[in-house]
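Residue numbers (the numbering used here): 896 to 1744.
Calculated directly from the structure, the hints in this document are not laboratory data.
Just so you know, nobody snuck in bad clues.
Only pairs whose alpha carbons sit at most 16 Å apart, straight line, appear in this in silico EDC-like list of lysine to aspartate or glutamate:
| no. | residue 1 | residue 2 |
| --- | --- | --- |
| 1 | Lys1578 | Asp1551 |
| 2 | Lys968 | Asp931 |
| 3 | Lys1675 | Glu1620 |
Between beta-carbon pairs, the in silico distance windows are:
| no. | residue 1 | residue 2 | range |
| --- | --- | --- | --- |
| 4 | Gly1328 | Asp1220 | 39 to 47 Å |
| 5 | Asp908 | Ala961 | 14 to 22 Å |
| 6 | Asp1373 | Gly1059 | 39 to 47 Å |
| 7 | Gln937 | Arg1309 | 34 to 42 Å |
| 8 | Gly1305 | Asp908 | 31 to 39 Å |
| 9 | Gly1605 | His1030 | 52 to 60 Å |
| 10 | Arg1375 | Arg1729 | 45 to 53 Å |
Note that the structure is a prediction, hence the values are computed from the model and not measured.
Glycine included, each C-beta is placed from N, C-alpha and C at the ideal position.
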Amino acid sequence: MLAPAEAVRDFADWHRQRGHACARVDPLGLSARADDRMLRPQLFGLYPHQALSTDDAERHGVTHVAALDERLKAIYCGDLTLDCSAVRDAGRAAWCFDTFEQDMAASLETGPDQGALLDRLVAAQAWEELVGERHPHGKRFSLEGCESLIPLVHQLLAGAAQQGVDQVVLGAPHRGRVNLLVNVLGLPAQEVLEHFAGQEPAGWPQDLVYHLGRRHTVETAQGAVDVTLAFNPSHLQSVFPVVSGMVHAARAAQGPGTQGDAGAMLLALHGDAAFAGQGVVMETLHLTRHPGYHIGGTVHIVINNQVGFTAAHAMDGVQHRYCTDVARMVDAPVLRVNAEAADQLGRAAAFALAYRARFQADVLIDLVGYRRHGHSEHDVQELTRPQMAHRTLARPGVVQACVERLVRAGVASREALMQRVARARAAALAGWGGPVPQHPDGGGARQAAPAQLPTRANPPTPGQLQAWLRSMVALPDDFRPHAQVEALRQRWQRAAADETAPVDWCLAENLAYASLLAAGVPVRISGMDVQRGTFFHRHAVWHDQASLRTHVPLLQLGAGAAGLTVVNSPLAEEAVLGFEYGRSVLDTRTLALWEAQFGDFVNEAQVYLDQYLSSGEAKWGQTAALGVLLPHGYEGNGPEHSTGYLSRFLLLCGDDNLRVVCPSTAVQWFHLLRQQALDPVRKPLIALTPKGSLYAEAASHGELQALSRGGFAPLLGDDRGQPAEQVHRVVLSSGKLHYDLARGREELQAHEVALWRLEQLYPFPRLTLTALLAAHPQVKELVWAQEEHLNQGAWSGIRDELTQACRARGIRVRCVSRVANAAGATASVHLHRREQRELVLGALSSAGV
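Construct the complete structure from the given sequences, taking the supplied hints into account.
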C-alpha cells in the first residue's frame, strides 16, 4: 500500500517546522527539548512498511516511510538543525529547506578535510591548555567547550574566498578572542604569552589583550582573504555597529556594483547572553537593512555557552525560547549546531554563506557548547551553577568527542587518530615556542594610510562659489518645490549674482560641501532627518510637491565631483554613531558627519564617545575623523534639549584626542567643515551650535566673499575695532551668547569692554589668547560668560587655561553664569529674559552675578 502523498508532505513539513525543537544540539543535555514523539509517522496516518509514491521517493531519496522517518530525523533532529520559524517569505523558506536537505542525510565526510579539522581543534584546545598551565591566574576568557569556533571560522573564510569575498571584517567578544588571534589571525604566541606575564613588547597598544584587534591575510585552499578583527572594549556588543560601518566603507571602496556574494563581508561573533540582552544588537540588525547602511547581509556566530556571566542561560525548545530570538525581527534563519559535532561545521558554514550570497541578508549559526571554566578564570562556577559546572568538568573535551565520532564513522582507528592528535599538539606547542619578532605589530589592526588630500585645499574664489550656486539652484522641468524651499532658492540665486549678498548658516554649510565635492572629497552626512535638518537648517534634498521626485542641489556640480551621501537614519543613536565611527576608521578620505536632532540625544550613544572616539587612538592606534554635530543652546526647548553637555566632552579631552568647537558665525562654520575634511591629522570633531537663536541671528551671517578668505579661527577678537589701550575688561564667550553681550554693551555704552569669542574649546588656543592679551596692555579683568550652570558648560574645562594665561600679567579671571552657586543644580533650562539680562550685566560690569 502506498503512503498518501498529502500525509507524506505533512510529515516532512512538520519536521521542517518543528524538528529543530527536538534536535540534540546541547552537548550537556540540560536544555529542554520538545518531545519527538510528536513527529511519529503514525500521527500522520503513516506506517513504517508503507512504500512511497514514485514522486515522493524521488523527492526524498528513499522508498519507504521507515527510511523517510530516519532521514528526516537525521536532518532536523540531530547535531545540526535549521530553524526557519522567523522566515516569513514562503519562497525563501522553501529555498532554505531544499538547500538544507540536499546532502544533510549523507554520512560523515572522509579524507584530508577531516584531518585538517581535527588538527585545528587540537590547536584550539592546546592553546587554552598552554595558557592555563603557564598563567593559571591570567584572565583569558577561555574558549574551552566551544573550541569548534576555530575550525568554523576557518571554514567560513575558505567558503567566502570561494565565493569571491576578498575582505572579511570580524567582530568578536572577549570569549575566545585570544585563541582567534593566535590560531586564525597569526599573532605570534610568544607576544601574547608575554602579555599574560606582564611584559608587553615595545610598541604594543595599551589595552587588554582580550580587547585587541588585528589585520592579517589568511591563506585558504580557495584563496587569500584579508581579515580584520576589530578592537573591542568591554561593552561587548558595541562593536557590532562599528564593524558594520567598516564593512560598509570597504564595500563602498570596492565600487557601487558590489554584490552580496563578493567584495567585503561581515562575520559577527556574539556571546549568547549579550546577543539576547543588549539593545544595540536590535538597533544594528535593523540599521544594516536600511538604505544607506546596507552591507549585503551578515554571517553571525553565537558562541553559545549557555551562561550569561554567572547565571545559566539555557535554551528552551519546548517554549521556543532561544538567545537568537532577537534576530526574528529581520527574518533570519538560524542553524543550531552541537559544538562537539565538529563534523557538521562545514555544512553549517556552507549553508550560511550560500544564504547570505543569495539573499544578501543575515543568517545565524548558533554554536551550542558550554563553558568549562567560569566567566573568567578567576570565577568559581560551582558557587552559582553547580549542576552545569559538574557536567562541564566531566566532559572529555571537543577533541576527544571528534575522535570518537570519526572512529564510529570508520574514518580511522582510535589509535591512528590519537597519534595524529599527539602530533598536532606537539606541532602547535613547538610553533608557539619560537622567538618574539624584533618589531611586533602589537596585534593591532593596521589602518589604511590616509588618502592623499586634494591639491585644491585653498578656499574657493567667489566666482567658483557662485558657479556652484548657479548649478545647485537650477531645477528640473516642472519641478515644484515647497514655498519655503523656493524662498531659500531665491536667496541662493541672489548670492550667485552678488558676492556681497548675505550668507546664512544653511548656505555656508552647503557651499562648504560643494567646495569639497568639487575638489574630490566625498561627503557623508548621517542621522535623523539630516536631509532636511531638524531645524530646517540644511535642505540638502528638495521634494517636488506634485510628485515623488527629489532634487539634490549638491549632486548638480558636474561629472568630476566626488560622491555625496545624505541619509536619514532610523530612530536610533547608539548603533548609528557606532556605524559611522567604524566607517570613518576605514574610509580616510570622506568627510563623515553624524548629527543628533538635539545635543542630549547623544546620551544614547555615550559608549562610543567614551570607549571609541575619545580613546581609540590612545588604546589601539586607531584614528577616526568623524564629526559629531550637536545642536546645543538655551533656546526654550526644555531642560534636556537645551544642552549637549559640553562639560562632559571637555572631561574626555586630553593628549590632543578630540576637537571640541562652538562656532559663532556662518563663515566660521564654512571654514570649520573644510578644515575637518582636509586636515591630514585625523581627529574626531565635536561641534556644538544652537540651531534656533544662532541661525536666526543676522549678525552671525557673513558675505560670500568672506568664504574665500582665511580659515577657521579658534579665537576671534573684537570686531568693533576699538583702540587696544581703551580696553580694560575682556568678556570671553562662545556661541550665541556673544550677540546678547554685544547688544548689552551698546545699551550700557560699555566702551571699555572687548568681546572675544572662544570658537575652539579644545585644543585650547593658548598661544592665540596670550598674544591677544599682550596686544591689550590695559586689560585688568577677563570674564568668562556662559549660559549654563557653573557646574556645566565650559568653565571647569577651560578655567585653568584662562588663569594661566592671565596670571603673569596680573589679570583677574572670573566666570559669570545664570546661576552663581550651582551646587546640586543638574537641569539646564531656557534662560528667562530677566536671567539673560542679569547674566549680560554681570559680565559687562565689575559686580558679577
